[in-house]
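J.: Spelled out from the first residue to the last, the chains are:
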Amino acid sequence: QSALTQPPSASGSPGQSVTISCTGSSSDVGGYSYVSWYQLHPGRAPKLIIYEVTKRPSGVPDRFSGSKSGNTASLTVSGLQAEDEADYYCSSYAGSNTHYVFGTGTKVTVL
Amino acid sequence: QVQLVQSGAEVKEPGASVKLSCKASGYTFTTNYVHWVRQAPGQGLDWMALIVPSDGYTIYAQSFQGRVTLTRDTSTRTVYMELSSLRSDDTAFYYCAREAGGIGAPAKRFDYWGQGTLVTVSS
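Same order as they appear, the protein sequences are chains A and B. Going by my numbering, the first sequence opens with residue 1, and the numbers climb by one from there. Going by my numbering, the second sequence opens with residue 1, and the numbers climb by one from there.
Note that these hints are calculated values from the structure, not bench results. Quick reminder that beta carbons are idealized off the backbone N, C-alpha and C, glycines included. Watch out, some of these pointers could steer you wrong.
Keeping only pairs whose Cα atoms sit at most 27 angstroms apart, straight-line, the calculated DSSO-like set for lysine-lysine is [said to hold, decoys possible]:
id, chain 1, residue 1, chain 2, residue 2
1, A, Lys68, A, Lys47
2, A, Lys68, A, Lys107
3, B, Lys12, B, Lys23
4, A, Lys68, A, Lys55
5, B, Lys19, A, Lys47
6, B, Lys19, A, Lys107
Derived contacts from chain A toward chain B, CB cut-off under 8 angstroms, selection only [what the hints assert, rightly or not]:
id, residue
7, Ala3
8, Tyr34
9, Pro46
10, Pro57
11, Gly105
In silico negatives: residues of chain A with every beta carbon more than 12 angstroms from chain B [to be verified]:
id, residue
12, Ala10
13, Val18
14, Lys68
15, Ser69
16, Gly79
17, Ala82
Extracted from the complex, chain A is given alone in its bound form (with noise of 0.2 angstroms):
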């Protein structure tokens, strides 16, 4: 199964938005709504953001939300600070065979 494709970058001034696609297929992606995006920070445990495409866990700022059209699933950061620079990365169920698969990665630099 081939790793969900991210565009390698990301940047944006504080207080801007920046917006993350995750590009998959009709058999992780297109097929599911189990979308979930996760920030990972240097020497941190990663960190759930969205859930189910758009849902966000409890404690997560509503500057974060996530949205999906055919095979390809949005992360949108509004309002930038200067925590939000670290990588993230976008993943789907599968089906029972796959599972569960990943992302390639997005650095979001905050300039």
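Given the coordinates of chain A, assemble chain B onto it according to the supplied hints.
T.: Below, chain B without anything else, positioned relative to chain A:
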């Protein structure tokens, strides 16, 4: 609070095996599946396997089949991941992660993660 605490860094020679641990606390250990995910240097995340702590049932990714073994000890609330026949490209951070939801209703998302264990494979 839910915590997953992983064992420390390991350095192994090619061909050896490594066994990592992931100790859970703050929730009912047998309720949630535990997964292992790895990240090689400069690479993305890669799902490896899951274990159902209540009965030890395991599922392995095809790419790791035959080399990875998950076990659990319910008395110590610990999940173990053993990877054998190590190669240099197994050098990576290895994470354990809890799947949200519970027995019979896994939620297909990883809501808590361990801090990661660096495994370095080098001669």
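J.: Run every hint past the structure and note whether it holds.
T.: A quick look at each hint next to the structure:
no.: 1; hint: A:Lys68 with A:Lys47; result: holds, 20 angstroms
no.: 2; hint: A:Lys68 with A:Lys107; result: holds, 20 angstroms
no.: 3; hint: B:Lys12 with B:Lys23; result: holds, 22 angstroms
no.: 4; hint: A:Lys68 with A:Lys55; result: holds, 12 angstroms
no.: 5; hint: B:Lys19 with A:Lys47; result: holds, 24 angstroms
no.: 6; hint: B:Lys19 with A:Lys107; result: violated, 31 angstroms
no.: 7; hint: Ala3; result: holds, 6 angstroms
no.: 8; hint: Tyr34; result: holds, 4 angstroms
no.: 9; hint: Pro46; result: holds, 5 angstroms
no.: 10; hint: Pro57; result: holds, 7 angstroms
no.: 11; hint: Gly105; result: holds, 5 angstroms
no.: 12; hint: Ala10; result: holds, 15 angstroms
no.: 13; hint: Val18; result: holds, 19 angstroms
no.: 14; hint: Lys68; result: holds, 14 angstroms
no.: 15; hint: Ser69; result: holds, 20 angstroms
no.: 16; hint: Gly79; result: holds, 24 angstroms
no.: 17; hint: Ala82; result: holds, 23 angstroms
Violated hints amount to a single one, hint 6; each of the other numbered hints is respected by the structure.
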